[in-house]
Each structure stands twice: as C-alpha cells, then as structure tokens.
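Sequences and hints are given; from them, build the entire structure.
In order, the protein sequences belong to chains A and B. Okay, so the first sequence: first residue is 27 according to this note's numbering, each after it adds one. Okay, so the second sequence: first residue is 16 according to this note's numbering, each after it adds one.
If you're looking for bench data, these hints aren't it; they were derived computationally from the structure. Warning: the hint list may mix true and false statements.
[Stated by the list, open to error] Within a straight-line C-alpha distance of at most 30 Å, the following computed DSS-like cross-link-like pairs (lysine-lysine) qualify:
| # | chain 1 | residue 1 | chain 2 | residue 2 |
| --- | --- | --- | --- | --- |
| 1 | B | K146 | A | K333 |
| 2 | B | K145 | A | K333 |
| 3 | B | K145 | B | K182 |
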Amino acid sequence: MTPCTSSRLLRLVVILILLVLPFVLSSYGLSIFTKVLIFGILAMSLDILIGYTGLVSFNHASFLGISAYTVGILAVHGINNFWLTLPAGIIAALLLAMVLGLLVLRSSDAYFLMITLAFGQMLYALAWRWRSLTGGDDGLAGIPRPEIGLPISMNDYHNFYYLVLIFFGLSFYALSKFIRSSLGRSIIGVRESESRMQALGYNTWALKYLAYIVAAGFAGLAGVLFVYFNGFISPEDLSWSLSGMIMLMVIIGGAGTLIGPVIGVGVIFILQNFISAYTERWPLFIGIIFVICVMYARNGIVGYLLKLEAKRRRCNESPGSKEHL
Amino acid sequence: MKALEVKNICKNFGGLKVLQNVSISVETGERRAIIGPNGAGKTTLFNIISGITTASSGEIFIFGKKVTTLSPYHRARLGLGRTFQKNNLFSDMSLLENIYLAMRINKSPLNMQDFLQQWGMWNRRNIKVKKLSYGEQRQVELLLALAQAPKILLLDEPTAGMSPVEKGLILQMIKGLDRSITILIIEHDMEVVFNLADRITVLHLGQVLCEATPEIVKAKPRVQEIYLGTTGEEGWH
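Structural data, given as structure tokens:
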C-alpha cells in the first residue's frame, strides 16, 4: 500500500468514526468530543500563528471571547438566528484582530508575546468591569442553543455535535488549503526567514497581519460554537490562562502540523476529564506530559510520529535494509 | 546610467561610527568589489543599501530613484537582489519551494525547471535545503537572488567557507551572469575579486580609502598595508 493510499484510508476511517460517535458514546462522552472539536478549531487557528507564521501569540482566547460575548449579547437581546449570530461573532473577532494586529505586529519574538498578553488581559479586565454589557464576573448565562432554520432542534446533543462536526471539517479543509496555497507558503517563508523574504520582495508585515486576521476569524468561529455549546460566557473565557492552555495544546499536539493541535486538545481534555475523576491535581499530570514533550518530542505528538515514520521509510529505502532486519 | 548611488552614508551604533560619509556610484552592468579588513563596515553598507539597516544620514538611489526611506521589500521590487554572508534560506523547504518563493513575488519570467537545469540543480529540487551540503547551500543562496531576476545584485562573501573547487564553481556562475545585471560583491578572496571586478572600492574603518581599477588598487602600498599587513607585491598571491 502506498503512503498516499494509506493516508486516504486513515482519513476515511477517522471520518467514519466521527460520524458514528453519537451512536457509540454517552451524552457525557459526546459532549467532551464536541468540546474537543470546538477547541480543535481554536487550536488549529492558533497553529496558523505559532506553527506556520512563527508568531507566539498569548491572546488567542480574546478572539474566542469577543465572538462568544457578541453572540451572548445578541442572544440576551432575543437574536438567536444562527445565520445572523455566526457572522456577527466572526466579524467581531476579525475587527478586533484588524485593530490589535496594527499594534502588536510592530514587535516580534518575546516582545510580541508580552504585548499580546497585555492586550489579552486588557480585554479580560474590560469584560470584567463592563458589567452592564457583559454581566461582569457573573458572565452571561442561559444562552440557548441556536435556531438554524431547519426542522431539527439544536437542543438535541446529537444534532449539535453534527453541526460542530460540519464546521470542524470545513475549518480543517479551509486551513489545509490555505497553508498549501502560495499565500500559505509565503507565510511559512516568513517563519523560516523573515529577512530573506523581505530581500526577495515580500511585505512580511502584511503577510503576518493577514495570518493574524485569518487565525482570529477561525477563533471567532470557535467562539460562536463554544458559547452555544456552553450556554454561558464569562471573563475567564478570554483570560490569559485559557490562551496559555490553547498554546499548550498546540505544542503538545505538534505545532505546524494542523492536525497535531487537535490531537493536543483531545489528549488534554480527555486526560483532564479522566484524571480529575480521581484527583483535583490533574494539572500536575498535564505538566508532566508537557515536560516529556519538551524533553523528548519537541515537535509534539504528531511531529514525533512523523519523525518515526520518516525514519521507518529511510530504513526501508536504504539498500540492504532487509538483511539488517 | 547609474544603477546605484550611495551618497554620504553615515551609520552610528551609539558612539561607534561604523560608516562615515561613504559615497559610491556604480554604473549599470558594472562589477564592483567592496573590500576591506574585518570591521570595515562592508556588510553594514550592504544592509543599508538593501534596507535591512537604516542609515543615520545620507541618501541612496536605485536607477535614479531615491530609496533611502523605502523598506527592503520595496527596494527588492525595484530590482535589488542580495545574498547573505551567512546562509539565509528556507531550510525546511525543498530547493524547488525556495526557488518558487523567489520567483512568485517578482513575477519572474524564468521557468523553474529551465532555471534549475541551467545551474545544474534540477536533480536536487526535491531535497530539503537543510539536507544539502554547505557548498550547495551557498549556491542556493546565489540562486535565490538570481531567481528574482534582479537588476542589481549584492553578493556578500559568496565564496565564504568554500573549498577551492566550490569557489571556482561560484566564480564561474557569477562570471557567466548577463551584463544587464549590475553586481556589487564583498569578498575576501583576492583571486575572486581580481577575476571579477571592473572596479574596486576599499573600505577602511568605515571610510572609503580608495576606488579604482583592480590594477591600480593592487599597486597601492597603503591598501596592501592595511589589508595584508605587508607592502610587498607578493602579498596579493
């Protein structure tokens, strides 16, 4: 079987598993998986920044948060049509990125990380203090599932899972296409060598700005789905701790692999749910996994697996390998 | 027509005067070598011409257009290509992807296959650049600049760290370039410099010490003294 065929087969199996999951899992298990898919979109969007552009952003939760708050506020005011709230949430995240991008992309490296952290915390404080709009530390509760204009109810967790799955699939496809496009290659070029890209004639600032906005747009989509999933939004959902957690997911899964961050989300959420049943100190175990990743698998789980696969192929291709085996 | 004019460029890093009133004028199609001992300010001058570093004062013109305040990518789009002293490539990408990035933005009329075949690298196209030998990477450094179809080419020590055979190959590549491309080269290997340059500018302690044809520069005792620490004719060999 060629690597291409096995890769297609693997994809088909994964799609089939995702489609039959609602018939296999309990409602609790399905809700964890729904959350994994939503945060998977968020982690993939952060991977565009960390893995492909080389921008370690520490305010990615801001885009999820502003989108979720937009939907929450609309819902509180009686607007719950999904086809209105979805673009509203995404546009809010895009607008925020357009403004923040102008400011944060003036810096790079550790300074970029620090300034994104600062802006993230400013938005967190704004959500905390602007009680009349955001509900302050009480947040916005009781956000109903959306109306999608079809004779199916999103209150049914199976239906909501499929809605999320569709958006996850579309996001994965769109982001894969984006990074394989000539624009995506240029963005990777910025990560590899910004000075060389400039010497070739690329406006690297514009490329980074575009990547920042694209990432924010998909984080906004995750925010819309998240607030409908959770039914509640509070300042904690745009705090630095959530931004840090997503960053951890991207790094553990494998930055620059797109699917890796989704696996990172899965590993952390599943561990969080299983281990927290036995001990309150579940973050300790996640910390241990992070340390192991940093020490032994710097490219994350997927990066490590790809390395093993490349090694296996080299062994198979090298002359006399059969004799060695 | 003047391809490049550098007028009274000064660069200070704090109290350190790296370049002081440097003026250079290069004709279209000329091969100009910039030589000088380490710390003379050669690479800083290249960085200022390409826009990576901002000059403290002075002006730069490319084909008569003032570019002093333009960003590096604007200058590149005016036809300024450059190589770097240390390899500055897209290491995790294949050779083909590297060339693709160079050609794409400049809408180069060149064909990738023809281009790589011309330079004998087509069979290496799918190899990640970081897996190529050092000599090949230096070649790719030059190919990236050529792939953007430059009108002015700045070469920062293109043969640094190469074996004599590899040096010969790079020298042949540069010598074979069309005269429509203006070349400025920083090089320590005098064989390469005298083989290639129409004129030589000698930089010393951030100032232009002299500018003349290779024969005249070769004969200047002061240049030999500061560059080689000798006044003997045999010093250049």
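So which hints don't hold here, by number, going up?
none
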